[in-house]
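**Student:** Residue strings, one per chain:
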Amino acid sequence: MRPLSFLRKPQLRPAAAALASSLLPILPLLLFLIFIMATLLDCQISWAIQKNTCLSCHLGSSKHELARCAQQWLKSAHAPVSVCCEECHGGNPTSSKAPIIGKEGFIGSPSKKQIPGLCSRCHDDPLYMRKYDIRIDEENQYKNSVHGQQLLNNNNQDVASCVDCHDSHDIRKPDDPQSKVNHQNIADTCARCHADRNLMKPYGLPTDQLSKYKKSYHGQIVYQQIERKNPRLAPSCPGCHGIHSGKPAGVSEVAEACNNCHLNCKRYFQKSIHSLLLKKNRKPRCIDCHGYHDIPIPSEELFAGKAASHCGACHPPESAEYQCGLRLRALIKQAKREAALTQSKINQLKQDLDLDISSLNLKMDDVTENLKQAVKATHSQDIQIVTQIITKARKIMNTIDQRIDRCYQEARQRREWLEHMLLFISASFALIAYQRSRLKNKLQDIH
Amino acid sequence: MKVRRIHPPHHIHDSPDSPAVQENQLQGYDNLYKNKKEETSSQSMAAALRQCLKPEPVRWSSCSGWIIFHLFWIEGISGILLLLYYRPTVSEAYESIQQITNNLHYGWLIRGVHMWGIHLLILSLLLHFWQQLAQIYRLAWKSTWILGIILMILIGVIGTSGHLLPWTQGSYWATTFLTQLSAAVPLVGEPIKILIRGGNEVSQMTLSRFFALHILIAPLLFIFLALGHIFSARRSLIPADLLLHVLIVIILTGILFSLATLYPARMAQKADPLNSILNIKPEWYFMASYEVFQLLRKISPERQNVSIIFGIMLHIGIFLLLGLLPFFVPSQQGENTWIRPLTIALTAAGLLIFLALTLLGACS
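Chains as they are written, first to last, in the working numbering: chain A, 461 to 907; chain B, 50 to 413.
Simulated from the structure, these hints should not be mistaken for lab results. A quick note: this is a predicted structure, and the numbers were derived from the prediction, not measured. In this text, a Cβ means the ideal position worked out from N, Cα and C, and glycines have one as well. It is possible that some hints are incorrect.
[Stated by the list, open to error] If we take Cβ atoms under 10 Å as the criterion, some of the chain B residues that face chain A in the derived model are:
#, residue
1, Leu102
2, Leu293
3, Thr302
4, Ala317
5, Leu345
6, Lys347
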């Protein structure tokens, strides 16, 4: 019997053939169905467009204004989650007739006062927002803000509501670089109103915040003008003023607003006499020395001179406080000079001996960290604390200096060793060459 | 000296072909051989020493091979010393080299000598190769030449495998690039790449493989083949004019010590598989090969794979041609007087192309 011959049994053949012939016409149909289902599942938005008459009409409209809102919605964060027109504007999206305000719940363009309520219908719902991991306290925060109080209590149409910052249709997630509330765009969004002189005139508000902010250290980091600094970590407008509870930080809040990030400065500041005075007289605040909006890169030069926000602006030059400031300035300057010298020695070592200086650079990073700490410690106005930190940095610098000296010394020793070695090698060479030539002469004599 | 002649005992009554006669004859020859051996050994030591020390005229052609021999054992000794402290693991290879270079007494010197040694060895190997190529028509034994070509490839393998061992950025990415080349060959390329790397990536497996290759497999093979190379050229392992060789070793030691002190082996950055470097360049001795691939890539930028395959085929072809060269070259006999100038001219042309490619690769 031949192997596998049972497969060739004649009675099996018609059954298999029948099955194959019945499956063959169904196969393209099945494939077609799978294709249709995949298309439908993949294109939720196109499906929504087909069934949503608002979108189909607006997208097909020849008027730019009418078409733009639909185009913007398609790119918004609401489109993928199918938050369509009727959620805000009401009406029947399946109707083919033109909507009429008041009929079928259609409200047309909602008024400014209506907007926070409309947004919060979804954005205040914890069950709905949970799946998108979005906070739900925006409306409450907005109600407590100056914007919210002005709009809701006084019906002031000048203030910002949700759509003024987030846009009405082009609503994008904050991490989208094109979003108006993205970390790098939010200052410009705020400035659309706050840099408008006509709008701000009745309220007596300044309009130069954005230009000042862009020049500030914070602004330069956010706009990526300073290398090796993370723009996400520097504050933009909401960093100090709050996100939805937008109002100027109160006198007592200024320190708190700064302390949110500058924890070490706070720690040292609390040890100072200024901290006691702040509680008593509400002065001096952070902004009195560092300014606000146009906060410059802090420098030890603040300790000298009579210019505004310098020590001399409050303390007379002969006073003990002013002298203390001068000593702090001298300490920091001296330490920075020493660090620069050590760094130049490391660079010189690299240039001279082409050595691997990564371990020295790591130690230098420690020095830099300690110096930064010392600068922060000046907030304590305590010379002893600052000296202690600088001493720590000096110890590390001494270690670096010793290692640099050792490297040079070793290089010298290696040279000397080579000189001795070459001397020995030359002597041995001469001796053996001489012996060889003697042997050669001797052999020639014999022959 | 008078040599005693011993005749085998001869029995008249036995016929010359009888077994007894044959046995006696054999015994007699044995005695003769034994006595001769004793005599030569008694006279040999002084004579042999004299023979070894006898100064001969210095000829570069006979020295170049011996320089390779001396550099090889210097490399062996310095390599064994490094082996005492080197740890062949991805996590510790770099640190152990750092320890050898920075913390051990004269560790920098041993590492420097080992590093410069391979450069000098390859340099003298290339000199030996070009010199022998220029006079291939005088080649006495084909096996010497073929073994020489295999030895040249083996030194390349030793150099390449040793280059990865410090596990620096340069060595890691050079190995990645080199092993990736083979993947371009259809069908066999990918399995060969995986075989060399011991996996899809250059990893611990690759390091272990290259370590074994560098310290044991390739050097052992090299020693066996080098012995064959030396014996096939009818040379003795103990060279004539021993003093000259002592002088060569002294000079080599001086050069190696100077290079290791004045241009010591540095610690580059540790290998980081997540951070590729842009400008990967091989060691100078592979620069010509590298430039060939670069030129082929420039010729057909759209078909990278084809140019790589062509480059690999070209290399295999060149080495095959070199290996089989003695079978084509007629010896300089009779009317073949044209062979000498022709060989020298072709060798000079080949050397010029090699140097030009090396320079181009270095400057690109």
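**Student:** If a hint holds in the structure, say so; if it does not, say that too.
**Tutor:** Quick rundown of the hints versus the structure:
| no. | hint | in the structure |
| --- | --- | --- |
| 1 | Leu102 | 6 Å, holds |
| 2 | Leu293 | 7 Å, holds |
| 3 | Thr302 | 6 Å, holds |
| 4 | Ala317 | 8 Å, holds |
| 5 | Leu345 | 35 Å, violated |
| 6 | Lys347 | 33 Å, violated |
Hint compliance for this structure: hints 5 and 6 are broken, all remaining hints hold.
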